[in-house]
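Residue numbers (the numbering used here), protein chains in the order written: chain W, 4 to 441; chain P, 4 to 441.
Simulated from the structure, these hints should not be mistaken for lab results.
Quick caveat, the model's predicted, so the values are computed rather than measured.
Hints should not be assumed to be uniformly reliable.
When chains are identical, the list treats them as one kind, so a pair holds in a single copy or across two.
Dumping the calculated DSSO-like pairs for lysine-lysine here, alpha-carbon to alpha-carbon at most 30 Å [as the list claims (entries may be wrong)]:
#: 1; residue 1: 356; residue 2: 52
#: 2; residue 1: 28; residue 2: 50
#: 3; residue 1: 176; residue 2: 245
#: 4; residue 1: 36; residue 2: 97
#: 5; residue 1: 43; residue 2: 126
#: 6; residue 1: 179; residue 2: 434
#: 7; residue 1: 54; residue 2: 28
#: 8; residue 1: 7; residue 2: 126
#: 9; residue 1: 179; residue 2: 245
#: 10; residue 1: 10; residue 2: 43
#: 11; residue 1: 346; residue 2: 126
#: 12; residue 1: 178; residue 2: 245
#: 13; residue 1: 155; residue 2: 43
#: 14; residue 1: 434; residue 2: 97
#: 15; residue 1: 343; residue 2: 7
#: 16; residue 1: 101; residue 2: 71
#: 17; residue 1: 71; residue 2: 431
#: 18; residue 1: 28; residue 2: 97
#: 19; residue 1: 43; residue 2: 346
#: 20; residue 1: 36; residue 2: 96
#: 21; residue 1: 413; residue 2: 429
#: 22; residue 1: 55; residue 2: 179
There are 2 protein chains.
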Amino acid sequence: MENKTIKIGIAGVGTVGCGVINLLKRNNEEIFKRTGFNIKVVCISAKNKDKKRDCNVDQYNFYTDPLKMIENEDINILVELIGGESIARNLVKKSLEKNIHVVTANKALIALHGNEISDLAQKNNCDVAFEASVAGAVPIIKVIKESLNANKIEWIAGIINGTTNFILTSMLKTKKDFKDVLLEAQELGYAESDPSFDVGGIDAAHKLTILSSISFGINLNFDAIYVEGIENIELDDLNYAKELGYVIKHLAIARSNESGVELRVHPCLIPNSRLIANVDGVKNAVVVSADASGPTLYYGAGAGSYATASSVVSDIINVSKNIVYNSNGNLPLLNYQPNKLKKVNILKIEQIKSRYYLRIRVTNKPGVLADITKILGGKSISIESILQKEDLVNDANVPIVLVTHEVLEKNIIEALSSIENLDVVKGKIVKIRIEELN
Amino acid sequence: MENKTIKIGIAGVGTVGCGVINLLKRNNEEIFKRTGFNIKVVCISAKNKDKKRDCNVDQYNFYTDPLKMIENEDINILVELIGGESIARNLVKKSLEKNIHVVTANKALIALHGNEISDLAQKNNCDVAFEASVAGAVPIIKVIKESLNANKIEWIAGIINGTTNFILTSMLKTKKDFKDVLLEAQELGYAESDPSFDVGGIDAAHKLTILSSISFGINLNFDAIYVEGIENIELDDLNYAKELGYVIKHLAIARSNESGVELRVHPCLIPNSRLIANVDGVKNAVVVSADASGPTLYYGAGAGSYATASSVVSDIINVSKNIVYNSNGNLPLLNYQPNKLKKVNILKIEQIKSRYYLRIRVTNKPGVLADITKILGGKSISIESILQKEDLVNDANVPIVLVTHEVLEKNIIEALSSIENLDVVKGKIVKIRIEELN
Numbered sequence: 004m005e006n007k008t009i010k011i012g013i014a015g016v017g018t019v020g021c022g023v024i025n026l027l028k029r030n031n032e033e034i035f036k037r038t039g040f041n042i043k044v045v046c047i048s049a050k051n052k053d054k055k056r057d058c059n060v061d062q063y064n065f066y067t068d069p070l071k072m073i074e075n076e077d078i079n080i081l082v083e084l085i086g087g088e089s090i091a092r093n094l095v096k097k098s099l100e101k102n103i104h105v106v107t108a109n110k111a112l113i114a115l116h117g118n119e120i121s122d123l124a125q126k127n128n129c130d131v132a133f134e135a136s137v138a139g140a141v142p143i144i145k146v147i148k149e150s151l152n153a154n155k156i157e158w159i160a161g162i163i164n165g166t167t168n169f170i171l172t173s174m175l176k177t178k179k180d181f182k183d184v185l186l187e188a189q190e191l192g193y194a195e196s197d198p199s200f201d202v203g204g205i206d207a208a209h210k211l212t213i214l215s216s217i218s219f220g221i222n223l224n225f226d227a228i229y230v231e232g233i234e235n236i237e238l239d240d241l242n243y244a245k246e247l248g249y250v251i252k253h254l255a256i257a258r259s260n261e262s263g264v265e266l267r268v269h270p271c272l273i274p275n276s277r278l279i280a281n282v283d284g285v286k287n288a289v290v291v292s293a294d295a296s297g298p299t300l301y302y303g304a305g306a307g308s309y310a311t312a313s314s315v316v317s318d319i320i321n322v323s324k325n326i327v328y329n330s331n332g333n334l335p336l337l338n339y340q341p342n343k344l345k346k347v348n349i350l351k352i353e354q355i356k357s358r359y360y361l362r363i364r365v366t367n368k369p370g371v372l373a374d375i376t377k378i379l380g381g382k383s384i385s386i387e388s389i390l391q392k393e394d395l396v397n398d399a400n401v402p403i404v405l406v407t408h409e410v411l412e413k414n415i416i417e418a419l420s421s422i423e424n425l426d427v428v429k430g431k432i433v434k435i436r437i438e439e440l441n
Numbered sequence: 004m005e006n007k008t009i010k011i012g013i014a015g016v017g018t019v020g021c022g023v024i025n026l027l028k029r030n031n032e033e034i035f036k037r038t039g040f041n042i043k044v045v046c047i048s049a050k051n052k053d054k055k056r057d058c059n060v061d062q063y064n065f066y067t068d069p070l071k072m073i074e075n076e077d078i079n080i081l082v083e084l085i086g087g088e089s090i091a092r093n094l095v096k097k098s099l100e101k102n103i104h105v106v107t108a109n110k111a112l113i114a115l116h117g118n119e120i121s122d123l124a125q126k127n128n129c130d131v132a133f134e135a136s137v138a139g140a141v142p143i144i145k146v147i148k149e150s151l152n153a154n155k156i157e158w159i160a161g162i163i164n165g166t167t168n169f170i171l172t173s174m175l176k177t178k179k180d181f182k183d184v185l186l187e188a189q190e191l192g193y194a195e196s197d198p199s200f201d202v203g204g205i206d207a208a209h210k211l212t213i214l215s216s217i218s219f220g221i222n223l224n225f226d227a228i229y230v231e232g233i234e235n236i237e238l239d240d241l242n243y244a245k246e247l248g249y250v251i252k253h254l255a256i257a258r259s260n261e262s263g264v265e266l267r268v269h270p271c272l273i274p275n276s277r278l279i280a281n282v283d284g285v286k287n288a289v290v291v292s293a294d295a296s297g298p299t300l301y302y303g304a305g306a307g308s309y310a311t312a313s314s315v316v317s318d319i320i321n322v323s324k325n326i327v328y329n330s331n332g333n334l335p336l337l338n339y340q341p342n343k344l345k346k347v348n349i350l351k352i353e354q355i356k357s358r359y360y361l362r363i364r365v366t367n368k369p370g371v372l373a374d375i376t377k378i379l380g381g382k383s384i385s386i387e388s389i390l391q392k393e394d395l396v397n398d399a400n401v402p403i404v405l406v407t408h409e410v411l412e413k414n415i416i417e418a419l420s421s422i423e424n425l426d427v428v429k430g431k432i433v434k435i436r437i438e439e440l441n
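Hey, can you work out the whole structure from these sequences and the hints?
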């Protein structure tokens with residue numbers, strides 16, 4: 004075994020690619036002491052060889068076309084770090100057809116094309132590993148697939164987008180508005196110049212697609228996920244939440260219950276006594292609640308060159324071990340035997356039940372609260388608590404903050420629509436779901 | 004593969020054993036959908052068949068002698084849940100000699116006899132899995148062995164004994180003393196009638212022995228661990244710590260640095276902004292800091308029938324997979340190839356560096372503080388902050404709380420010995436190490 008060498012090719016040498024190259028070099032001896040075999044990068048591909056990089060690429064066979072690379076080179080594993088969908092998808096499919104195993108950090112690729120990739124992998128008895136696609140250094144994929152594998156998983160709730168968590172944490176700490184903090188996040192490199200993918204929730208939805216599939220044994224269902232971003236969260240809401248004993252986090256939630264599976268990404272109020280409520284800044288954390296283990300939580304860096312490389316190289320080592328021991332295919336891409344995937348009903352957001360935080364701006368007139376509560380009562384929505392910050396008698400435009408008991412979202416939507424039609428109500432009502440996570 | 008059945012025998016049918024039997028039954032179909040093969044309990048052993056249990060044992064071949072069981076039965080995996088050292092050790096050795104793979108939840112067995120068990124396992128190409136031996140449902144063993152395997156691990160810090168964490172959390176919350184809270188913990192079933200194993204730190208030291216070995220690639224070194232319990236922590240210390248921005252936790256710490264490896268179990272002050280500072284009650288959590296991943300944290304139930312069974316059955320599934328795919332032996336017991344284990348210097352407690360919290364009871368006389376600081380200064384110990392709660396002028400017996408800068412423990416020990424000899428100092432000085440965990 005000590006003479007065995009696994010040959011890998013890396014497609015895409017950006018931040019993560021350089022991390023992978025550097026890490027494999029730096030910890031080569033440590034990895035060998037654990038595994039007893041060698042892992043060797045033989046070739047890489049990138050658009051431009053001479054680009055300034057944080058790693059040295061001179062000793063590898065270089066290609067500008069990754070497809071040429073997998074055609075020409077005799078490699079065991081392709082490491083796909085190009086990102087995006089079109090080139091990566093084609094490259095991964097071609098690799099599997101050539102019986103080359105795949106390691107990828109590409110969440111969009113798996114979330115949107117994982118079903119067909121899974122079929123191809125099975126057909127060719129190839130491994131496809133994608134630990135780095137969700138939560139960076141946090142090994143949440145492997146934990147769900149190989150450590151919680153004795154359990155029925157009940158629900159997952161995760162802070163899996165560092166940008167949104169940084170912004171929400173920072174707003175509360177610095178008492179600044181969303182827009183100001185977003186600018187700061189962009190300056191610090193925590194947000195893209197076009198931040199919509201992160202702050203709008205799409206990135207988290209890609210990741211939730213993956214986590215929910217491997218947790219519940221269902222196909223990847225990106226289109227079925229309900230997605231809300233954090234663009235409309237105001238500093239006032241963060242402050243009111245704090246007063247109520249909650250913190251607002253942008254969560255990705257998947258829950259399996261009798262009527263189906265809930266898949267949703269949106270801001271939530273969570274009790275500040277929960278461990279995940281204390282996860283601040285760009286860090287990621289995922290809570291998995293399962294029938295035997297109970298809730299467990301996994302926390303760490305969600306991005307970064309080396310943090311992501313930690314997961315990519317771990318995948319490389321584990322796939323290499325399967326090659327050395329001739330046990331590839333022992334872990335299906337979607338965690339269930341492909342012919343055992345379940346058909347489930349994905350619930351629409353109107354069908355979920357939740358408690359709600361509501362912030363309503365009203366013109367102060369006698370009977371305002373009575374009008375509002377009457378409409379809520381008509382939809383079977385009962386109120387748990389009311390927060391009135393300003394004096395209703397002396398202020399012409401005041402916020403009323405309500406917390407409701409649990410109710411069907413459909414009822415809330417209908418009630419809010421009626422309340423917004425009241426003359427005394429100004430603008431759109433802020434509605435944030437409350438998750439107890441217990 | 005779908006016709007393949009893995010046969011297991013369970014030795015010891017107490018709380019965890021019943022959890023394993025019930026969980027395998029309850030989630031049998033879910034596990035099959037993931038793996039594609041069957042796992043079947045064929046035999047069990049226990050002292051008494053007719054004991055009242057939370058599981059039905061009638062359908063299994065029953066033995067009172069586990070050695071007879073492994074002689075008579077044709078099983079693939081022995082699940083050792085007897086606990087303790089002598090019978091379990093003999094049984095596990097005999098099993099490996101008969102090429103039966105082993106799953107165990109027995110921390111004492113691995114911590115104290117894991118080196119010889121590792122040799123035997125390698126010799127017979129058998130798997131030995133022990134996820135449940137540390138931190139119950141939290142898959143910290145597999146994470147270190149298979150998810151952080153691209154990293155050099157720098158340090159680990161864990162709350163890995165639920166009893167001590169429950170007591171410390173409860174003291175601070177209820178403002179009661181150690182002894183009162185210990186009684187409550189015993190009534191709740193969170194502490195044994197003889198609690199010394201838990202509150203004295205031995206249980207945590209067993210677990211740290213295991214975690215440090217698989218993290219650093221060293222032999223199991225239980226005898227080299229420095230151990231302090233929480234018996235001397237007073238409510239005053241918890242309150243002063245809080246005032247300083249810290250919380251006191253009983254931590255198991257392993258750290259690798261240039262001069263060697265630190266292995267120690269003792270109470271610590273940790274900044275209350277750290278996520279692990281918010282881990283309360285009987286829960287467990289481990290932070291692993293590694294060169295690529297950075298710090299990651301793993302949290303969940305550290306004990307309980309089903310929580311522990313979650314890890315035991317996960318081990319059973321993963322070892323079964325190795326049997327089905329003929330890939331046993333792919334993961335050495337101690338995580339490094341046996342011939343690649345490192346010889347390292349385990350540091351004595353005098354050789355570590357730390358910041359310290361000191362609580363000194365003094366009779367109030369002019370110049371007391373000057374006497375104390377002079378002795379500290381003579382040992383190169385500089386003071387970061389002083390907390391004086393009561394009025395030195397009006398009280399004859401007052402506490403002085405000091406926080407030092409980082410210094411060699413040897414110097415602190417010598418300085419405290421001199422200070423305790425001062426006439427004005429009453430009783431033993433309370434010394435608690437401060438860990439920043441960053």
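For each hint, the structure was consulted:
| no. | hint | result |
| --- | --- | --- |
| 1 | 356 x 52 | neither (53 Å within a copy, 47 Å between copies) |
| 2 | 28 x 50 | within (23 Å within a copy, 54 Å between copies) |
| 3 | 176 x 245 | both (12 Å within a copy, 21 Å between copies) |
| 4 | 36 x 97 | between (33 Å within a copy, 28 Å between copies) |
| 5 | 43 x 126 | both (27 Å within a copy, 29 Å between copies) |
| 6 | 179 x 434 | within (21 Å within a copy, 42 Å between copies) |
| 7 | 54 x 28 | within (20 Å within a copy, 57 Å between copies) |
| 8 | 7 x 126 | both (26 Å within a copy, 21 Å between copies) |
| 9 | 179 x 245 | both (15 Å within a copy, 29 Å between copies) |
| 10 | 10 x 43 | within (5 Å within a copy, 39 Å between copies) |
| 11 | 346 x 126 | within (21 Å within a copy, 46 Å between copies) |
| 12 | 178 x 245 | both (13 Å within a copy, 25 Å between copies) |
| 13 | 155 x 43 | between (38 Å within a copy, 18 Å between copies) |
| 14 | 434 x 97 | neither (46 Å within a copy, 63 Å between copies) |
| 15 | 343 x 7 | between (35 Å within a copy, 17 Å between copies) |
| 16 | 101 x 71 | within (13 Å within a copy, 51 Å between copies) |
| 17 | 71 x 431 | neither (55 Å within a copy, 74 Å between copies) |
| 18 | 28 x 97 | within (28 Å within a copy, 42 Å between copies) |
| 19 | 43 x 346 | between (41 Å within a copy, 27 Å between copies) |
| 20 | 36 x 96 | between (33 Å within a copy, 26 Å between copies) |
| 21 | 413 x 429 | within (22 Å within a copy, 68 Å between copies) |
| 22 | 55 x 179 | neither (37 Å within a copy, 61 Å between copies) |
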